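Keeping their order, the protein sequence lines are chains V and L.
Residue 135 in the numbering used here sits at position 135 of the first sequence; the count goes up by one each step and never skips.
Residue 72 in the numbering used here sits at position 72 of the second sequence; the count goes up by one each step and never skips.
In case anyone wonders, no lab produced these hints; they're calculated from the structure.
Note that the structure is a prediction, hence the values are computed from the model and not measured.
We put the CB at the ideal spot given by N, CA and C, even for glycine.
What you were told as hints is all true, and nothing was included just to trick you.
In silico lysine to any residue, SDA-like type, Cα no more than 20 Å apart, as pairs:
{"hint": "1", "chain 1": "L", "residue 1": "Lys38", "chain 2": "V", "residue 2": "Pro25"}
{"hint": "2", "chain 1": "V", "residue 1": "Lys38", "chain 2": "L", "residue 2": "Gln54"}
{"hint": "3", "chain 1": "V", "residue 1": "Lys38", "chain 2": "L", "residue 2": "Gly24"}
{"hint": "4", "chain 1": "V", "residue 1": "Lys38", "chain 2": "L", "residue 2": "Ala18"}
{"hint": "5", "chain 1": "L", "residue 1": "Lys38", "chain 2": "V", "residue 2": "Ile57"}
{"hint": "6", "chain 1": "L", "residue 1": "Lys38", "chain 2": "V", "residue 2": "Thr68"}
{"hint": "7", "chain 1": "L", "residue 1": "Lys38", "chain 2": "V", "residue 2": "Arg56"}
{"hint": "8", "chain 1": "L", "residue 1": "Lys38", "chain 2": "V", "residue 2": "Leu16"}
{"hint": "9", "chain 1": "L", "residue 1": "Lys38", "chain 2": "V", "residue 2": "Arg51"}
{"hint": "10", "chain 1": "V", "residue 1": "Lys38", "chain 2": "L", "residue 2": "Arg19"}
{"hint": "11", "chain 1": "V", "residue 1": "Lys38", "chain 2": "L", "residue 2": "Val52"}
{"hint": "12", "chain 1": "L", "residue 1": "Lys38", "chain 2": "V", "residue 2": "Val58"}
{"hint": "13", "chain 1": "V", "residue 1": "Lys38", "chain 2": "L", "residue 2": "Thr68"}
{"hint": "14", "chain 1": "L", "residue 1": "Lys38", "chain 2": "V", "residue 2": "Arg12"}
{"hint": "15", "chain 1": "L", "residue 1": "Lys38", "chain 2": "V", "residue 2": "Gln54"}
{"hint": "16", "chain 1": "L", "residue 1": "Lys38", "chain 2": "V", "residue 2": "Pro61"}
{"hint": "17", "chain 1": "L", "residue 1": "Lys38", "chain 2": "V", "residue 2": "Asp124"}
{"hint": "18", "chain 1": "V", "residue 1": "Lys38", "chain 2": "L", "residue 2": "Arg56"}
{"hint": "19", "chain 1": "V", "residue 1": "Lys38", "chain 2": "L", "residue 2": "Arg51"}
{"hint": "20", "chain 1": "V", "residue 1": "Lys38", "chain 2": "L", "residue 2": "Gly111"}
{"hint": "21", "chain 1": "V", "residue 1": "Lys169", "chain 2": "V", "residue 2": "Arg198"}
{"hint": "22", "chain 1": "V", "residue 1": "Lys38", "chain 2": "L", "residue 2": "Pro21"}
{"hint": "23", "chain 1": "L", "residue 1": "Lys38", "chain 2": "V", "residue 2": "Gly112"}
Stretches of chain V that chain L covers, calculated by requiring three or more beta carbons in the stretch to come under 8 Å of a beta carbon on chain L:
{"hint": "24", "stretch": "10 to 18"}
{"hint": "25", "stretch": "24 to 33"}
{"hint": "26", "stretch": "47 to 57"}
{"hint": "27", "stretch": "60 to 69"}
{"hint": "28", "stretch": "81 to 95"}
Protein chains: 2
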Amino acid sequence: MAERVAGPEIERLVQLLARLPGLGPRSARRAVLHLIRKREELLAPLADAMRVAQERIVVCPVCGNIDTSDPCTICRDPRRDPSILVVVETVSDLWALERAGLLNARYHVLGGVLSPLDGVGPEDLAIPALVERLRGGEVREIVLAVNATVDGQTTAHYLADVLFPFGVKVTRLAHGVPVGGELDYLDEGTLAAALERRTVF
Amino acid sequence: MAERVAGPEIERLVQLLARLPGLGPRSARRAVLHLIRKREELLAPLADAMRVAQERIVVCPVCGNIDTSDPCTICRDPRRDPSILVVVETVSDLWALERAGLLNARYHVLGGVLSPLDGVGPEDLAIPALVERLRGGEVREIVLAVNATVDGQTTAHYLADVLFPFGVKVTRLAHGVPVGGELDYLDEGTLAAALERRTVF
Ligand SMILES: [Zn+2]
Ligand SMILES: [Zn+2]
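Excised from the complex, chain V in its bound form (with noise of 0.2 Å):
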């Protein structure tokens, strides 16, 4: 859109906009004339609840996991079982796992995996965290819940190492998962079947 066309705050928005992930330029736009014409049913609550997010979401310090509250909903819910600890890579995974509704446990989320050729090593990630929360002795089974990628991989036999001197179970998700497939991709049947069948590590 040419700067003469409407308002800077309009261009603006779009610019905003076409920065999230699955919009471009164009579908921004398309988005904004549809917030304009839905302006009291879309734009107006979807500016409040940015509002709100962005005044509320904190991020759990126990597992990494984003919500309102601290620690979030899942490390204060009682019903969850403390003796496992699913390992994953990002807050997307969690959810992922968490929409398919086959887990009982809490999480631990890394915020990445190992990737010497990027620069990430261990200390970029929550290992440090996940090692500590080991310390409390409640956790028997740590599930490495982590993508089928070969970082992923690597990161899963590098934590296998670091977390043997502990005597906890690990244990990963089954093959069901693709090679080279991200969980968030998934359907619940797949995450399901992976789930039921995942090995000793």
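Position chain L with the ligands relative to chain V; hints supplied.
Below, chain L with the ligands alone, put in the same frame as chain V:
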């Protein structure tokens, strides 16, 4: 995302974003995580930009464009040729033509097309306002830049009939717009060819 995964504020943000064209529930969740990771650089500015848009955006009472000034930037621009009026279906189409930067004219947004099957008649579009604009006597050419769809062409024929008594030249975009195509998806070269070879209706 199950209710228990995260706070209702996050779920609400996901649900609102999922209502934008181009985003579904999955991409809305990814967008929310992206927003939260970029809280200061993206979430806060976007919440602000939406609030500003909500407060300031107006539909131009002259042409139907969306802007933050009333009348809109285009209608206020003294360098625009007041003798050519380009009739478009939607603000998206207006913006597409402006991005191509080919015209120095003014616009008139119909707000849709005639569609008897959907119950859209002339009184549902900005056709009375278009006729009103002709009474000023400045307009000498009306370019019917409607989509090359059946309803778009029906609307063009209807407008040509309505405008005939006013003695203005009524033109339409040359073939060059693909049959069934929508202006908003065309590249600038196609738009340029269609404008260059526009024909008398
Ligand atoms: Zn937590
Ligand atoms: Zn205007």
